[in-house]
Amino acid sequence: MSHPANEPDVKRPLTTADVSPPGAVPEGVEAPSGRFRLPTDTLRAYTMIFALVAIWLFFQWKTMGINPSHPWGIFISPENFSNLLQQMAVTGVLAVGMLMVIVAGQIDLSVGSVVGLAGGIAAMMQEPGGLVGALGAAIVVGVIIGAFQGALVAYANIPAFIVTLGGLLAWRGVILGLTKGATIPVRLPFFRELGVGKVSETVGYVLAALAVVAIVWMNISRNRARRRHGLSVPGAGATAARIVVPVLLIAAFIYLMNAGGGVPVPVLVLLAVAILGAFLTQNTTFGRYLYAIGGNPDAARLSGINIRRYILAAYCVLGFLVGVASLLHTARVGSASPDAGTYMELDAIAACVIGGTSLMGGRGTVSGAVVGALIMASLDNGMSLLNVENYTQYIVKGAVLVAAVGFDMLGRRKS
Amino acid sequence: MTTPQTSGAPLLEMRDITKSFPGVRALDGVSFDLYAGELHALVGENGAGKSTLMKVLGGVYPHGAYGGEIVIDGETRRFASVRDAERAGVAVIYQELSLIKELSIGENIFLGREPRRFGVVRWEELYSRAQKLLDELHLNVDARTPVGHLGIGQQQLVEIAKALSQEARILVLDEPTAALTDAEVETLFHIVNKLKARGVGMIYISHKLDEVFRMSERITVLRDGRTVGTNQTSALDEPRVIALMVGREVGDIFPEASHERGAVVFEVRNMTVEDPNVRGKLLVKNVSFSVRQGEVLGIAGLMGAGRSDLLMGIFGAHAGRTTGEVFVEGKRAQITRPSEAIDYGVGFVTEDRKRFGLVLDQTILNNMTLAGLPHLSGRFVTDVDAEAAAGGRAMKDLRVKANSVFTVAGTLSGGNQQKVVLAKWLLTNPRVLFLDEPTRGIDVGAKQEIYGHINRLAGEGLAIVLVSSELPEVLGLSDRVVVLHEGRVTGEFKRTEATPEAVMSAATGHTRSAA
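Chains A and B, in that order, give the protein sequences. Under the working numbering, think of the first position of the first sequence as 1, with each following residue one higher. Under the working numbering, think of the first position of the second sequence as 1001, with each following residue one higher.
Hints were generated in silico from the structure; no laboratory data involved. Hints should not be assumed to be uniformly reliable.
[As the list claims (entries may be wrong)] Quick partial rundown of chain A residues pointing at chain B, CB under 8 Å, derived from the structure:
no.	residue
1	G181
2	P185
3	A225
4	R226
5	H229
6	S232
7	P234
8	T285
9	A292
10	A299
11	R301
12	L302
13	N306
14	R308
15	R363
16	D380
Where a beta carbon is used, it is the ideal one built from N, C-alpha and C, also for glycine.
Just need the whole structure built from these sequences, with the hints factored in.
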C-alpha cells in the first residue's frame, strides 16, 4: 500500500457519484423490487440454459432425415447424447478446476500441456507401476505442477499469465523429451475403461436412487436447520418442487443413458467432480475466500484472509483435476501422444467464460462452467453430425465465445 | 522578498464561484484573486473546498459545471478542458505528481506537446529546450534521465519546469512540500521567489502555516465552501488563521454520552511506520497511545499526518516496515498480519469502503461474514443458515436498509454500505474497534445513525479508536483526542479541553500537551 492510498485523496466533500457504484440507489430509497424481477445471476443462468436448449433443438431439427432409423433427428438420440457427454467430460473436468483459479483472479494457460505430460507419464508408468502407479502418477504430476506454478504466482509475485504461459511451453518440451516423440498405447484394461467404459444399467439405477435419497434428505435437513436458526422455512409446495424437479431430471438422464448402453464412466467422473467442485466453491470457507480474493483482494486481505495460501490452494486443486482429466483423455484416445491436450486450456477457459465467469475474478459458478463446456461440446458434436467443414467449426466456436461475453456485457450495462 | 503589486488590475479573478455535487454544495459563492508576482495562500480544513476551487480553475470541471466566472487579464474565460486552461497560462501541480516514471524528464515536460515536424518528434530540440528549463531551475540533471530515477523533490521541480514550458503565468501548488526534505523545501522556496520576480502569480495550498506565513503575500481562508476572508499576510498571525479555519460551532448532532470507562484494553508503544516507497522516510514516528474499555479515543490530524498509516501499521496491514509494541489487555501481542490482529480482538473499519472494505459484487451476507467466517460458520464447511441468522440480526441491529441479506452490496447507498462494513467487524467480536473515516461520503442522516452506533458500542464496553478528518466529529464523539502532525503526536486532550482551536493548533504542528 503506497502512502497516498492510506490518506484520502479526495478533498472536496464526497458526493454520491464518488461513493456509489453506477446504478446505486441513493440514500433512503428502496431498490426497485418488482415481484417478478429476477436477480441478475439467476437471469443469466436461465439465459444460458435457454441457449443450450435452443442449440440442441436446432441440431435436432437439422439432423432430421439424415439417418433413416431416426426420422426425428439424431442429435438427442441416446447414442449421440451419450457420445456428446463423453466428449465433454475432459473439458468439463478442466473447466471446474479452471473456474476456481479464474474466480480467484488468476489464470492457467499450461493446462493443455500438463494434460499431455501427466497422461504421458501415466502411460509410461503402466509397466513398472501397474494400475495404481499409472493413475497415481498422473494425479501426482498434476498436483506438483499446480503447486509449483501456484507458488510462483502467489509467493514470487510473478503474474499468472506469464508463469503459466511459460508452463505451456516448458511442459510440452518435457513430454517430448521424456517420450522421444513416441506415442504410448494404453494397455491396462481398467485404465482404458476409464475413458470408454459404461456402467451397467443396474448400477445406473442404484446411483440414481442414491441421488434421489440425497436430494430428499438435503431438503429436509435444510428446512430443519432454517427453523432452528429462526429463518423462514419454505412451504410444503416449494419443498416438493425442489425435490421433484431434480428427481425428474435425474430420471430422464438415467433413462437416456441406459438406452444408450449405460452411463459412461467419464460422465460419472465429471458428475462427481462437478458436485465436489460446487461443494468446494459454495459450501466451504475456501470457496468463499476465493470469491472475495478475486472480487476485491484489498478487502480480502484486510479481512484477515491469507491471500497467497488460498491462491496456491486453488492451483493445487486445479492441478489435481488436470491429473484426472489427463487420465480420462488418455484412456479415451487409447494412447498418450506427445501432442495430447493441445488447446485444452483454451477450451476450459472458454467454457468458464461462456458459463458467465468473469476473467477479472470474483464471479462465476461451477454449474455455469459445466454448462459452458456442454455448450461447446454440443456445437462440436452437432457440427460434426452435419458434416460442417473443420474450418467453419473453428470460426463458429470463436464467434460464439465472443458473442456470449458480448451479450453478457450488454445485459450488465442495462441492469 | 519582492514586493508584490497588489494594486491595479489583477492577473486572475474568480468571481462568485459555485460548485455543487448531488446533495452537497462544495463551493458557495467563493471569490478569489491573484496578482502577478504574488504568492497567495489558500488555507482551510480538509473538505473546505480548496481543491475543488483549484479544479474549477484548472479546467477539470469545465465551464458550465460550475457557477460564477473566471477572468484572466480582464478577459472572461470559459475552459472546456484542462488543455484550455493550460493554454490560458494556468498550470496546476497536484499533490500526487502526474509524471510518468518510465519516461525521461524531457519527454515528461513536453508530453503531448512534443516539438515535431511532419508528425516526427524532433528529439534534439525537445531535449535542448528541456535542458534549458532545468538549468533555469538549477536542477543539475540530464534531461534524458528517467523521472523514476529522481527524488520526490526533484520530480516536483520537473513539474514546475513543465509548467514553465507551457509559459504558465498562474501556477497552483497543492501541498508542494508534503513529501520534501528540509533542504528540498529550501530549493523550492528559492525557485518560488525567482518565479515571483518573473511575474508569475502563484496559488499556494498548504496545511503548514509556518511556510504559508514565510512565503505568502496574502492569505485566503476557506471554510465549508465559503470564503471566510482574504487578508494581507502581515495583518495576520497563526492563531488568528486557525480561528478563521475552524470558526464554527460543534453542532448538537452528537448525542451527549458519558461512558463508563474500564481498564486499559489496548495499548500501543513507540509505533513507527516507514514509507514503503521511500526508504528512510517515516510516516509514523514513535506514536504511543492507549484506550480503555468503553472509551472513544479520537485521532485528529490533517491530511497526510499519518493517521491511517498508524492504524494500518498496528493492524499488520501496512506495506512499509513497522516497529513498536502492541499490548492487548496488558499482554504483548505480536501482530504481523490482519488475521493475527483479528485473533487478538482488533477490528478495523477501514477508510474507503469501496476499495478496502467491501467486495461490491457480493451479497451483504458474504461481506458481513468475511472477517469472522470460521467462527460464524465453520472452519472448513460453511453453514449458510447460521450465517444468515447472524447476518440478519446484525442487519436489524444496525438498521441496514435492504431487501434481504442476499442483496448485492454494490447496489446499496453509501450509508448502508458503511453499516455493512461495521457489521463485518462487529461479527468478529472485537475488544477494540478502529474506525477510519467512518462517515466519509455519507449523508447527514446516516452519519447521525453511525454516531449513535459508536456511542452505543462504547456504552457496551467496546474500546474505540476513531480517526476522522472532520474535526467536529472527532470532538463530538471522543472522550479523549490524540493529535498527529507529520507522523508525530503533537497533542493529547481530554474531552473538556479539546477545543477546535487547540486541536487545530496541534494539528498544524504546535506541540502542546494538555492532558
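Hints violated by the structure (listed by number, smallest first): 1, 2, 6, 7, 14, 16
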